[in-house]
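Trainee: Sequence:
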Amino acid sequence: MKILLTNQVMGDNTGTDTCTRTIAKYLVRARHNVYLWAPHYVGSLEFHKATGAVFVPNLEHLARLPLDIGHIHHTPCLMTVRKLRPDLPLLFLSHGVIPPEEVPPAGRCNLGRVLCVSWEVIGWLEQMGIQKKLLHQWSYPIDPDIFQADDPPPLATEASTGAQRAHQT
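Residues in the sequence shown are numbered from 1 upward in steps of one, following full-length UniProt numbering.
No lab work stands behind these hints, which were simulated from the structure alone. Values in this document were obtained by computation on a predicted structure and should not be read as measured data. One thing to keep in mind: the hints can contain errors.
[As the list claims (entries may be wrong)] Quick list of in silico lysine-lysine cross-link-like pairs, DSSO-like style, CA-CA up to 27 Å:
| no. | residue 1 | residue 2 |
| --- | --- | --- |
| 1 | K2 | K133 |
| 2 | K133 | K49 |
| 3 | K133 | K83 |
| 4 | K83 | K132 |
| 5 | K49 | K2 |
Go ahead and model the full structure; you've got the sequences and the hints to work with.
Mentor: Next up, the structure:
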């Protein structure tokens, strides 16, 4: 399949950016053609480039790509893609309900499915008017090449955060 994968910001290595990169990596491994697009790029994109996905350079290129489906994160991306590609099947991944960019507009974008990272998100989106039949629980993919159970991150301590020094002054 030819899959468009979007995120509001790429290159900042935050939660949704890491999720996007992980999805791209495993879709490419499954021999799909993955295209990445974001309205904003910051920092280094080396991790994204290493997935084997292709970056979409601009909206004109996005409008002409032969795509089978769009996997969309964030409402601004959803609105842009839907305007350019009115007939492209889309699924939306809601990472939460805050900020508002995580909530798809109820009934306005012809979504095939809304993936929600928790049952709580499903409940909130139902209350916001999203049709229940569109909402499906979906857990974040975890990349074992990056996150390993036998190597937990160090815990922040008062001394390491500088809080102890602040109390001494």
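Trainee: For each hint, tell me whether it holds in the structure or not.
Mentor: Here is how each hint holds up against the structure:
1. A hinted pair counts as satisfied when its Cα atoms are at most 27 Å apart, and K2 with K133 qualifies at roughly 25 Å.
2. For the proposed pair K133 and K49, the alpha carbon gap of about 35 Å is over 27 Å, so the pair is violated.
3. Restraint check for K133 and K83: satisfied, since their Cα atoms lie roughly 24 Å apart, inside the 27 Å limit.
4. Between K83 and K132 the alpha-carbon distance is near 24 Å, which keeps this suggested pair within the 27 Å criterion.
5. For the given pair, K49 sits about 17 Å from K2 by alpha-carbon distance, which is consistent with the 27 Å threshold.
Hint 2 alone, counting from the list given before, is not met by this structure.
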